[in-house]
Amino acid sequence: MPSPSSSKIIELRELLAAKYPAIPQKTTGYLPTEVAPLDVALQGGLPLGGMTEVVGQAGSGLLLATLIRATHQRRGLLALIDGGDAFDIAGVPRSALSRLLWVRSPTAAKTVQAADLILRDGNLNLVVLDLRSVSTDETRRISASSWYRLQRVVEPTTTAFVVLTRQPLVRGARPRLMLTARFGLNAFDCRQQDLLGRLHVELVRGQEEHIQRIA
Amino acid sequence: MFGVILLPNFGLQTVLRHQPEIRLTGPVALLGGDAGGKTFVLQCNAAARTAGVQVGMTSSQGLGRCGTLRLLTRSLEQETTVATALLESAFSCSPWVEATADGVSTFEIRHARSDPETLAGILLEHLARLDLEAQIGFAANPDLALLAAHAAEPSLVVHDARAFLADLPVTVLDLSPHAAAVLQKWGIGTLGALGALPPQELTRRLGSEGRALWERASGRSQRLLRLAVLPVSYEESLEFEYEVQTLEPLLFVLRRFLDQLVLRLETIYRVPAALTLKLRFEDSKEYHRHFTIPAPTNNVETLFRVLHTHLENFAAPASIQSLYLAATPAPASREQFGLFETALRDPNRFSETLARLHALLGVQGAGIGYPEDTHRPNAFRLDPPDFLHLPESGTSREPPTFGLPLRRLRPPLPIYVEVSRRTPVQVTSGVIKGSVRAARGPYQLLGGWWGTDRWTCEEWDVELVQGGLYRLSRQAEGWFLEGTYD
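Residue numbers (the working numbering), protein chains in the order written: chain R, 1 to 215; chain Y, 1001 to 1486.
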């Protein structure tokens, strides 16, 4: 039976939760990505129940392929919501495809709707929303409320939600990472795992939580 | 000990089962027809009887007695469904079951675990959930149990046959006109009086019917049950009285169908593993759809969502006249999750999500992508995901993947390529423009040469001076930008 003081704390927490529902909840765990620079930047991996934005052009496809392979090795399930229908299955091992739900969406609006459906489902460990091939005009038309809604949907789940964009786009994304890399034709002679070391990841939003976690 | 389940006004009950708004209020009569095409009242409810309507009246006579009388016609499909449900209920008590007559089922109980009163209570509750009103009788022989069922309110267990039969009228015995007239002339009005007559004398005067009547009146008749076989069809259907044009009434009936089917399957410890939906439209066309339930369940809400999600995105070509739903029985699934395996927690929910994705993006909008057995670029197929039966993973070592993944342009974008010494040196398109720093190629691809679908192309990987890796292809129509490596 809780003591009177602890029951008061519980009541206070409930009151605050009811009054300020927008307060982000604490992360319940992290999903390692096997991408060393990214796991280092996030101190463990992608936050479960959180929305992570990865901004960048070069290297983001490599990151996606690594996430698919890592999910397969972990025996997890992954959904790729492919805005612009640009994903090429030849870039990942055939065996990893059996655990990848590929959602091909032609427009930004349908892409967001598909993400909403999959996040509400709650069955998948990792959901990647790829907007890199959607035109800037279309992505700008995605309303801020859509992003907040997705954030609210993913919060109570144990799903890690990643949004891949070319430019900072997702309002409320926490953390946001900038991904940069430069590859030449010699990249085709290297294994993908070796190329991961060339990725440069910078945490541009979410440092506060990072510092709190270290503390 | 024998038990009899009797559904009074069987035909009327079957018609009213899915129409609670009629069943609960107002006088209702069920019409039947004779060979001459004349219709008359077959059965009627208590409200109609109170208003003066009697069995055998023509519809005009019935309406003359009661202006608000609602006339319904028989539904043979519904009667078959309810007869099946009745048999299933009887089979839940015993393997020795007889389909005695329409709305009457007899079963024999040997080594019963519960007493007849408890059993009757369970059966009545089950049938009430199926929207069926029943009377149940238990006695030492089948005929006595039938009489007990007729007298039950709603259940009766006959322990003393003589006392039970003493005051029952002889009319409960389905007498022939001749026997009825003779007994009336003798002043025999009750089964007690009939059973007190000497059987030999009765047989001499009324023949074999007299002997049979005496045995039933004295509670001594014995006969073997004509054993029925447990039915395997679990289906419900309804012919709408009006044409359905909106989703709500359809969903309402479907929900009731699911309730009934799940209840019926529960009696044999099974759950629906698949559902078959059939709709018949005003223009006589039909629509069939088979739904497989990924994790068989008796959760009506889950099953209903499967149908609801599909029908939400279904456009009927015309008004709906009739509805049919069948369930395929299977044992309930029990999932034991592996220690390290992250399987679907709720397969049915995922199936519903997938259906919604298909409704949003089309069938080719979501699935598992697999490369086709060809070297043709961008050749793949999309299969439905089967996350419940995944191959073992993570144990064998995969061959390493080299290079960067390609982000494709679908369809490829025409591009102007300046070539020098058979190598691209400059590219210009709406997406990219610049000088080529380095290029690898050509990679000649050819296929389908043995048939009519012959294809050929030449691929190049290029790196631009300002950065960026791209794949180009040269086909018969010219140069194309296939995608970006990132």
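Honestly, the hints are just simulated from the structure, not real lab data.
Check before you lean on any hint, since a few could be wrong.
[As the list claims (entries may be wrong)] Facing chain R, according to a computed beta carbon distance under 8 Å, are these residues of chain Y, among others: (1) V1055; (2) G1064; (3) E1133; (4) R1223; (5) L1360; (6) V1363; (7) I1368; (8) F1402; (9) L1469; (10) A1476; (11) E1477.
Every residue, glycine too, gets a C-beta built ideally from N, C-alpha and C.
**Prompt:** Given E1477 of chain Y as an interface hint, is the shortest Cβ-Cβ distance to chain R below 8 Å?
**Reply:** violated, 21 Å
**Request:** Could you check if V1055 of chain Y really has its C-beta closer than 8 Å to a C-beta on chain R?
**Result:** With a minimum Cβ separation of about 56 Å from chain R (threshold 8 Å), the hint on V1055 of chain Y is violated.
**Request:** Grab the minimum C-beta distance from L1469 of chain Y to chain R and call the hint holds if it beats 8 Å, violated otherwise.
**Result:** holds, 6 Å
**Message:** Hint L1360 of chain Y vs chain R: min CB-CB distance below 8 Å?
**Reply:** Nearest chain R Cβ about 6 Å off; hint holds.
**Asked** Quick one, is the V1363 of chain Y hint okay against chain R at 8 Å, beta carbons?
**Response** violated, 11 Å
**Asked** Does I1368 of chain Y pass the interface check with chain R, least Cβ-Cβ distance below 8 Å?
**Response** holds, 6 Å
**Asked** Does the CB of F1402 of chain Y sit less than 8 Å away from some CB of chain R?
**Response** Holds - the Cβ of F1402 of chain Y comes within 8 Å of chain R, reaching about 6 Å at its closest.
**Message:** Restraint: A1476 of chain Y near chain R, CB-CB cut 8 Å. Satisfied or not?
**Reply:** violated, 23 Å
**Request:** Return the status of the interface hint for G1064 of chain Y: holds when the least beta-carbon distance to chain R is below 8 Å, violated otherwise.
**Result:** violated, 60 Å
**Asked** Quick one, is the E1133 of chain Y hint okay against chain R at 8 Å, beta carbons?
**Response** Because about 42 Å separates E1133 of chain Y from the closest Cβ in chain R, which is outside the 8 Å limit, the hint is violated.
**Interface hint status, R1223 of chain Y versus chain R (Cβ within 8 Å)** = Violated: closest Cβ of chain R sits about 58 Å from R1223 of chain Y, beyond 8 Å.
Violated hints, in rising order: 1, 2, 3, 4, 6, 10 and 11; the structure is consistent with all others.
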